[in-house]
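*Asks:* Sequence:
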Amino acid sequence: MKTKDRILLTSLKMFNEQGERNVSTNHIAAALNISPGNLYYHFRNKNEIVYQLFLRYQEEVQSFMIVPEGRAVTYQDKVNYLEAILNSMWDYRFLHRDLQHLLQDDERLRSAYREFSSRTVADGRRIFQSMADAGVLLATDEQIDALILNVWVLVVSWSSFLQSISIQNNDGSMMRKALLKRAIYQIIALEEPYLCESMKPMLPELKKKYLSGESSDPLALFPTILDDVQQR
Numbered sequence: 000m001k002t003k004d005r006i007l008l009t010s011l012k013m014f015n016e017q018g019e020r021n022v023s024t025n026h027i028a029a030a031l032n033i034s035p036g037n038l039y040y041h042f043r044n045k046n047e048i049v050y051q052l053f054l055r056y057q058e059e060v061q062s063f064m065i066v067p068e069g070r071a072v073t074y075q076d077k078v079n080y081l082e083a084i085l086n087s088m089w090d091y092r093f094l095h096r097d098l099q100h101l102l103q104d105d106e107r108l109r110s111a112y113r114e115f116s117s118r119t120v121a122d123g124r125r126i127f128q129s130m131a132d133a134g135v136l137l138a139t140d141e142q143i144d145a146l147i148l149n150v151w152v153l154v155v156s157w158s159s160f161l162q163s164i165s166i167q168n169n170d171g172s173m174m175r176k177a178l179l180k181r182a183i184y185q186i187i188a189l190e191e192p193y194l195c196e197s198m199k200p201m202l203p204e205l206k207k208k209y210l211s212g213e214s215s216d217p218l219a220l221f222p223t224i225l226d227d228v229q230q231r
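So that you can map any letter, position 136 of the sequence shown is 135 in numbering that gives the first Met the number 0, and since no number is skipped, the others follow by simple counting.
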């Protein structure tokens, strides 16, 4: 593997596990057992590493945000979209968790992310429209517009939401995949009122999959808040 790719993969792992702000280029170089000068030969600074990781994330998302050609959208397509969203959120979770900070620090990333957001929302809307055309989704144009925007806000903010209520592993890490899966459950809940009746019998099993051992009670995501209320 080329040194440049090794730097990106190691940086992604460290950013995900430790948080981007807690990892310096010196930390990355030490983890790879290379000199800082060798790292700077490939990347001018940490912002450049983050930007290149974002480009990889963008490419991954664009690869699955595609409407099937020549056929109607199926239930399996829906499951595949959910799985792909979950995997990309997990693989690049530092981008979602540290998004506001990252965008503030890099004008180039901010501009690229704005274009990425617009394109991804447009792609998502086409998917929802295809579902509506196939009779899978029963929604007006206005409802589709609102639905895709709500789904996008949920996806990009879920990691920050988990961090804000201090849900952590016992070892102190910021996130585990089972909690991230809850975002997919929330997407299903957003879509459910608009799904055709023939799809609804399939939803209980799908919901159970994405709760994956987490409580189905949304208040269970707020243990600290509930403890405060109970003490009053």
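Any given hint could be a false lead.
To be verified - Computed list of lysine-lysine pairs in DSBU-like fashion (alpha-carbon distance at most 30 Å, straight line):
no. : residue 1 : residue 2
1   : K206      : K180
2   : K77       : K199
3   : K207      : K176
By construction, these hints were calculated from the structure, which means they are not laboratory data.
*Asks:* So, for every hint listed, does it hold in this structure?
*Replies:* Structure-based check of all given hints:
no.: 1; hint: K206 - K180; verdict: holds, 10 Å
no.: 2; hint: K77 - K199; verdict: holds, 13 Å
no.: 3; hint: K207 - K176; verdict: holds, 15 Å
Violated hints for the displayed structure: none, as all numbered hints are satisfied.
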